[in-house]
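Asker: Sequence:
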Amino acid sequence: MHINNIRKVNESTYRHRVQTRRFARQYKKLHDNVATDVDDAVDLIARKPSIGERKKGDLADLFVYKLHSQGQLYLLGYTLDDGVQLVYLEAIGPHENFIVT
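Positions 611 to 711 (my numbering) are the ones given, in order, by the sequence shown.
If you are wondering where the hints come from, they were derived from the structure by calculation, not from laboratory data. Virtual Cβ for every residue (Gly too), placed ideally from N, Cα, C. Do not rely on the hints blindly, as some may be mistaken.
Below 27 Å or equal to it, Euclidean Cα-Cα: the simulated BS3-like pairs (lysine-lysine) are [said to hold, decoys possible]:
id, residue 1, residue 2
1, Lys-638, Lys-676
2, Lys-676, Lys-666
3, Lys-658, Lys-676
4, Lys-639, Lys-665
5, Lys-639, Lys-676
6, Lys-665, Lys-676
7, Lys-638, Lys-658
8, Lys-638, Lys-665
Here are the in silico distance ranges between beta carbons for each label pair [as the list claims (entries may be wrong)]:
id, residue 1, residue 2, range
9, Glu-663, Ala-634, 20 to 26 Å
10, Val-694, Glu-663, 31 to 37 Å
11, Arg-625, Asp-671, 25 to 31 Å
12, Lys-676, Arg-635, 18 to 24 Å
13, Ala-634, Arg-664, 20 to 26 Å
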């Protein structure tokens with residue numbers, strides 16, 4: 611695996627979190643128990659941004675964190691802005707419905 615052109619993630623705590631409209635729509639449809647688990651995952655990502663798996667190719671800026679809730683695997687997609695320590699929450703959904711464009 612080549613890591614030459616992959617930017618290293620700053621391990622400091624990210625103070626700001628921004629939801630994209632897509633994430634907000636998907637989040638609103640989640641059951642309350644799942645939403646609570648997603649909130650916990652977002653807090654974890656903010657504390658340790660490199661916890662997710664970095665996608666490859668055209669989606670190399672995207673990280674995906676896998677979480678289990680209510681017996682279902684969910685994927686949470688996010689990007690980072692190190693300059694302002696910001697986590698952009700891009701998408702959330704079950705594994706089979708998770709598509710990031």
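Asker: Would you mind marking each hint as holding or not holding in the structure?
Answerer: Hints, one by one, checked against the model:
Only pairs whose Cα atoms come within 27 Å are accepted, and Lys-638 paired with Lys-676 is accepted, the gap being roughly 19 Å. A hinted pair counts as satisfied when its Cα atoms are at most 27 Å apart, and Lys-676 with Lys-666 qualifies at roughly 16 Å. Taken as a hint, the Lys-658 and Lys-676 pair is honoured in the structure, with Cα atoms around 14 Å apart against an allowance of 27 Å. A C-alpha spacing of about 25 Å is found between Lys-639 and Lys-665, which places the hinted pair at or below 27 Å, so the restraint holds.
Proximity of Lys-639 to Lys-676 is assessed by CA-CA distance (about 18 Å); at most 27 Å being required, the pair is judged to hold. Between Lys-665 and Lys-676, the direct Cα distance comes to roughly 13 Å. Compliance with the 27 Å bound is thereby established for this hinted pair. At most 27 Å may separate the alpha-carbon atoms for a hinted pair to count; Lys-638 and Lys-658 meet this at roughly 25 Å. With a CA separation close to 25 Å, the supplied pair Lys-638 and Lys-665 stays within the 27 Å bound.
About 23 Å separates the C-beta atoms of Glu-663 and Ala-634, a value consistent with the hinted range of 20 to 26 Å. Range check, Val-694 to Glu-663: Cβ separation about 23 Å, and the 31 to 37 Å hint is violated. At roughly 20 Å, the beta-carbon separation of Arg-625 and Asp-671 lies outside the given 25 to 31 Å, and the hint is violated. At roughly 21 Å, the beta carbons of Lys-676 and Arg-635 sit within the given window of 18 to 24 Å.
At about 24 Å, the beta-carbon gap between Ala-634 and Arg-664 stays in the expected band of 20 to 26 Å.
Of the numbered hints stated above, those contradicted by the structure are hints 10, 11, listed in ascending order.
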